[in-house]
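Trainee: Residue-level listing of the chains:
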Amino acid sequence: MSATATSVTGPAPLLEVRQLKKHYPIRQALTSRVSGKIYAVDGISFEIRRGETLGLVGESGCGKSTAGKTVLRLMEPTGGTIRLDGRDITHLRRAELRPLRREMQMIFQDPFSSLNPRMTAGQIVAEPLAVHDIARGAQRLELVAALFRRVGLRPEQMAEFPHAFSGGQRQRIGIARALAVQPKLIVGDEPVSALDVSIQAQVINLMVDLQEEYGLAYLFIAHDLAVVQHIAHRIAVMYLGRIVELADKRSLFSRPLHPYTEALLSAVPIPDPKARRIGRAILAGDVPSPINPPQGCHFHTRCPYATERCRAESPELRELQPGHFVSCHRH
Amino acid sequence: MQATEPTDPSAPGSVTASARPTLEIENLKTHFLLRRGILRAVDGFSCSLNAGETLGIVGESGCGKSMTALSVLRLVPSPPGEIVGGAIRFEGRDLLALSETEMRKIRGNNISMIFQEPMTSLNPVVTIGRQISETISLHQGLRTREALHKTVEMLRLVRISEPERRLSEYPHQMSGGMRQRVMIAMALSCNPQVLLADEPTTALDVTIQAQILALMAELQERLGTAIVLITHDMGVIAEHADRVAVMYAGRKVEEAPVEEIFANPMHPYTQGLLQSIPRLDLSRAQDGGRRRLSEIAGTVPPLDRLPSGCTFSPRCAFATDICRKEYPPLESKSPGHHATCWHSDKVRSINP
Chain A
404 MSATATSVTG PAPLLEVRQL KKHYPIRQAL TSRVSGKIYA VDGISFEIRR
454 GETLGLVGES GCGKSTAGKT VLRLMEPTGG TIRLDGRDIT HLRRAELRPL
504 RREMQMIFQD PFSSLNPRMT AGQIVAEPLA VHDIARGAQR LELVAALFRR
554 VGLRPEQMAE FPHAFSGGQR QRIGIARALA VQPKLIVGDE PVSALDVSIQ
604 AQVINLMVDL QEEYGLAYLF IAHDLAVVQH IAHRIAVMYL GRIVELADKR
654 SLFSRPLHPY TEALLSAVPI PDPKARRIGR AILAGDVPSP INPPQGCHFH
704 TRCPYATERC RAESPELREL QPGHFVSCHR H
Chain B
6 MQATEPTDPS APGSVTASAR PTLEIENLKT HFLLRRGILR AVDGFSCSLN
56 AGETLGIVGE SGCGKSMTAL SVLRLVPSPP GEIVGGAIRF EGRDLLALSE
106 TEMRKIRGNN ISMIFQEPMT SLNPVVTIGR QISETISLHQ GLRTREALHK
156 TVEMLRLVRI SEPERRLSEY PHQMSGGMRQ RVMIAMALSC NPQVLLADEP
206 TTALDVTIQA QILALMAELQ ERLGTAIVLI THDMGVIAEH ADRVAVMYAG
256 RKVEEAPVEE IFANPMHPYT QGLLQSIPRL DLSRAQDGGR RRLSEIAGTV
306 PPLDRLPSGC TFSPRCAFAT DICRKEYPPL ESKSPGHHAT CWHSDKVRSI
356 NP
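Protein sequences, first through last, are from chains A and B. Position one of the first sequence corresponds to residue 404 (the working numbering), numbered consecutively onward. Position one of the second sequence corresponds to residue 6 (the working numbering), numbered consecutively onward.
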């Protein structure tokens, strides 16, 4: 396992993930006997520097959300290591983990189900402050009001319940809550996917502004390549539990090296009628099940270039050009 | 499909406008009569559609695009919903004047619909084979065996592998992309003249979306189907629509041929929408820096608290007094290009 997406120079990364695995057991209904495994995340490695956005893209079921939750230790990893600020947090116990929760927060996709409907917006944003015992009484209220203003809400709205807010406003509440404890890393799991286009732009701009202001690092998980391309500095492409390509966004978009990345890019419809593409390469078939992923390269069942070797041997993620990693036997 | 030729001789492959449009919607008003007031979900929408043509309808959630499609099939939940005005003509026949029995013959047969979430529109306890073959035998009077034969043919047409084996499968045994293909097979099984596709690929991954849209285009070319493509994805619109209608708060605010609307939007909402989308094609050429996306300020007003005058005016940079007082008429700005805006000349002048 030499596949590590590490840069040799520069200061230690904020987050360092090595060979991370998350397998779910499949139990039989009555006997609870384990009859198989779902290989949701199957050995991924990446790092995120301070103030940087790493985009994690892939289609549904590729394991990108599981990867995000496992990195935050909201799910127990099956294998591998997670280092935050140089500290190995892979096996920390709950009590040991709690102070570290301040450093890493999460924003969820669905602003309708991720906010407690019985709490006011102000209480929701104040909750992490209470958990970590940051400020009290009037001081805490003031802090919450400042957060409201910072994310583009009015402090008067602190008294309102989530149902009174639109989708975009709810996502702002979620961002304020994540921001409250001044984290270094925010994992966003499809944070703008449920929003209308014009609102999406507002939330993306807000996230970019906050990153510059507070030096936040983002792990931005999304399926929309145009959005990720806009917000991320580097991008990792996942397919069936593995990272198939990782590069800074310019080289990924101008010279995709993995056939899956290539297919993904060519499938995105371009909002310009003059650029209508004739005869685009359309990827055939569906993503195979992560319960019995194909032998060898996971992508070989849909790959136009697959050879015998691809069916037998799983390619490792290798650095082909500085900072550009790809796992494909063609390269 | 090869076995049964479409009955309309002018339909297959013809994109030229026949004398009469296939579908005409005129000043449609679909309102919801609630205790707290009237929600004008669709408030005076008009359009017409020819055989082989694709009309894209875009707009944000709640703008009335789905309600327009449901109104065409007369499937608006009633009460509280009601079509309170306007006309919908299919090949010249007024659908609003038909009895429910007559309407049932139109649905699925002449006009059919694809929904966003196939799982909610397929019956989970009925096999795929039975669901499609029942539609076919109901509308085309085929016997069970013939209908099943046709079903296999349809499944093959939408590129489902091993169609014979799939007949006995249930919807949950299929992937999202496959279920969507099943729904398309069902929607097209009776060679409808009109297909209403409501966010047909929104729930799907991009590679599957590309498959489904290519398939719809291919079937349209073969059968001459007129398609209403409802989506919020401007990329899908750019690649698949011939004409585009933009809706905002229940009304059509702009309509134009697809190239025209992208090059020369004349309603500030359309312009804002086009500028606010992150572009894969443009920024690829740019440096690694992150350009700010332009935003449309504020949010869509709730339908029961619409502002007076132009409903877009509170979010509009061009708004003046007249905008806050009077709703602008839908005016022809150039051939085939209509917009409802008092200041469309100014809007046009800042197009890049």
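In case anyone wonders, no lab produced these hints; they're calculated from the structure. Each hint should be verified, as a subset may be incorrect.
[Unchecked claim] Quick list of the computed label-pair ranges, beta carbon to beta carbon:
| no. | chain 1 | residue 1 | chain 2 | residue 2 | range |
| --- | --- | --- | --- | --- | --- |
| 1 | A | ILE537 | B | ARG310 | 34 to 40 Å |
| 2 | B | SER166 | A | GLY618 | 32 to 38 Å |
| 3 | B | THR125 | A | GLU563 | 44 to 50 Å |
| 4 | B | LEU39 | A | GLN542 | 55 to 61 Å |
| 5 | A | GLY618 | B | PRO312 | 15 to 21 Å |
| 6 | B | LYS351 | A | PRO725 | 48 to 54 Å |
| 7 | B | PRO85 | A | ASN695 | 45 to 51 Å |
Beta carbons: idealized from backbone N, C-alpha and C, even for Gly.
Trainee: Hint by hint, say whether it matches the structure.
Mentor: Hints versus structure:
{"no.": "1", "hint": "A:ILE537 x B:ARG310: 34 to 40 Å", "verdict": "holds, 38 Å"}
{"no.": "2", "hint": "B:SER166 x A:GLY618: 32 to 38 Å", "verdict": "violated, 51 Å"}
{"no.": "3", "hint": "B:THR125 x A:GLU563: 44 to 50 Å", "verdict": "violated, 31 Å"}
{"no.": "4", "hint": "B:LEU39 x A:GLN542: 55 to 61 Å", "verdict": "violated, 44 Å"}
{"no.": "5", "hint": "A:GLY618 x B:PRO312: 15 to 21 Å", "verdict": "violated, 40 Å"}
{"no.": "6", "hint": "B:LYS351 x A:PRO725: 48 to 54 Å", "verdict": "holds, 49 Å"}
{"no.": "7", "hint": "B:PRO85 x A:ASN695: 45 to 51 Å", "verdict": "holds, 49 Å"}
The structure fails hints 2, 3, 4 and 5 (numbered hints given earlier, in ascending order).
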